[in-house]
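Peer 1: The listed protein sequences derive, respectively, from chains L and E. Going letter by letter, the first sequence gives residues 1 to 279 in my numbering. Going letter by letter, the second sequence gives residues 280 to 673 in my numbering.
Possibly wrong hints are sitting among the right ones.
[What the hints assert, rightly or not] With a cut-off of at most 20 Å between alpha-carbon atoms, the simulated SDA-like pairs for lysine to any residue come out as follows: (1) E/K560 x E/K428; (2) L/K148 x E/G482; (3) L/K168 x E/E321; (4) E/K428 x E/A378; (5) L/K136 x E/Q336; (6) L/K149 x E/V564; (7) L/K168 x L/R145; (8) L/K136 x E/A378; (9) L/K149 x L/L134; (10) L/K148 x E/K560; (11) E/K647 x E/Q336.
[As the list claims (entries may be wrong)] Using C-beta positions, here's what the derived DEER-type ranges look like: (12) E/I315 x L/D107: 54 to 60 Å; (13) E/L384 x L/P129: 53 to 59 Å; (14) L/P129 x E/Q475: 48 to 54 Å; (15) L/S92 x E/A311: 48 to 54 Å; (16) L/S92 x E/F442: 28 to 34 Å; (17) L/H75 x E/G458: 54 to 60 Å.
I should point out that these hints are in silico values taken from the structure, not numbers from a laboratory. All values derive from a computational prediction rather than experimental measurement. Backbone N, C-alpha and C fix where the C-beta goes; we use that ideal spot for every residue, glycine too.
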Amino acid sequence: MTTSSENQKVGPGAPPHSPQLTPHLRVSGIRKRFGGVEALRGVDFDVRRGEVVALVGDNGAGKSTLMKILAGAHHADEGQFFLDEQSVSISSPHDATDLGIQIVYQDLALCENLDVAANLFLGAEPTRPGWQFLPKFLRPIDEMRMEKKALEAIDQLRVRTLQSVRAKVGGLSGGQRQAIAIARAVGAESTVVLLDEPTAALGVAQTRQVLDVVKRLRDNGHAVVYISHNLRDIFEVSDRITVLRHSANVATYDTQDTNPDAIVVAMTRGLDGDGTHAA
Amino acid sequence: MQPDVQLSFSDRFRQLRETRFGTFAPVLLALAAIWIYFGITEPAFLSPRNFYFLFMQSAVVGTLAVGITIVLLLGDIDLSVAATSGVCAALMAVLIAMAGVPGPLACLIAIALGIFLATLQGLLVAYVGIPSFVVTLAGLLGFQGLMLKILGTQGAINMRDPFVRGITTITLPAALGWGLAAACVLAFALASFRRQTQRRALGLELEANSTLYGQVIFFAVLAFAAVATLNSYRGIPLLVVLLIGLTALLGWVTTSTPFGRSLFAVGGNAESARRVGMNVKHIRVAAFGIVGMMAAIGGIVGASRYASVSFNAFAGGPLLLEAIGAAVIGGTSLFGGRGSVWNAILGALVIGSLGNGLDLSGASAADKLMFSGAILLLAVAIDAISRSGTSQTR
């Protein structure tokens, strides 16, 4: 259990569902201010490999802001980031990608005018070898390698309903889009996957499909952060639950030691006797 | 998902347009219809001589339309493109006529100026956040003034430089024309078959063989027919070769490179592009730079063709609207994210053919304007219909 985290493999070869004891990604004292509004007031958070940590809180509690900071889409005003206990900095989406952190936004951020393969590799298109004399953005895209890898990524998540990776995303269903957004995050050789309300717009069957995908990510050794309002989904899929309220931490629970009522109380009223988080 | 649902006509139409060559279909059909109509009513229309002039007439509009397509892909627009053309052409003319600068150097300076002016507008759009419509409208007015200033009081400068004139007067020897066409067809066929073989080796989905051969044969027929027609008059104009080469280069950049992909991504969903780490501002500025380059080249071509640079040829006339119209008729969306530079060339041919045919049939300027308007409206309607289908989530 105390294997060196650098060597732990992500993917089907990794030991199934054996969380590390040390956090893979850890942040502390994150502060973020939008004009006069303090969106995060010194928040701590961590996630290990092979576990799903749910991030819950009422609307405006700061979940999405924290998520965006982890993904590099927002820049934290203050705070420290550690990956495998090594201090790192995340100030742009590129930083996050380089560290293996990928986010799936609630609005999915897919380009509907492009096909599935192009969306999966957006911003990270593989280019053909032998064109090094050109700047990177003008080298020819290796369409076939891209399609091949896209097919693998889609197969790994078992998105059976998708007929072709050359279909335009604009013509796909909500569940398929969600799966493609997740496949994009996983396909980028990520170790941390951030999911923002992945089931919010989905029906029962498609929610099932997405939850299965989330479990598969965990079993493959990914560190998964899961934002949701749906406590039933959270209790099904998560290992720990971190509760935010009024831009600050309330507490983190082991999912098996708590129950939905306790979480709802923590979300809405905070912890009794915890003066620092009083409304 | 819903396999049993009866497909409506617009669904089928949309599916057709999703295919790789489907985007060419509407504009090719329009072109064919126009050519057949005028071919029947005006026997002179389908003569090699007329085709030669048709290509030459459409060249300036085509060059500008190719440039505009690049910014349209982003969902921006450049209203100053004709005025930029005019300024560049005027500067080139002044440099050659007044300062005795050699033709090639003057052309390069003009292109540099075009890139500079457009990049300036791109910076205002990307970094200051002014809508491109407003920035380039200001550019349109300002550059027209600038052009008047450069041209001076006489309002026109004659262009006798052999290098500049040569761009539109030189035609290729017949044999060279055939050779070029054969080389292009061979390269196209080889590339198509090689791609098919590689796709089979990788186990990827394949094009139907009929599609594959159809494409190659269609391309070959088109290329050889064009060469045969033009060779029976004066030969292939150098200008046509240059323009096709330039369009091929930009076509390759827009469809096959990460930069091109980012143009489509920003046009389709700028927020998405930003989140995957694309520098949307740089992309926007670069796109405007390309328009500036094409505008300058269009200006040089225009100066060469008319053998003079006058205010009316660029600024006062309908050049800007024809260029935007050509891009849109070609099937490039005004809403961004969809289009192709090749379609812009075809769109320019549609507008050119319409004007040419109506001229031959002795139509009045009033008729020409109304026809052009109708065609443009039809093109945008087609765009709107195919767009409404793809952006809705079911």
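Peer 1: Any hints from earlier that this structure breaks? Give me their numbers in increasing order, please.
Peer 2: Going through the list in order, the structure violates hints 1, 3, 5, 6, 8, 9, 10, 12, 13, 14 and 16 and respects the others.
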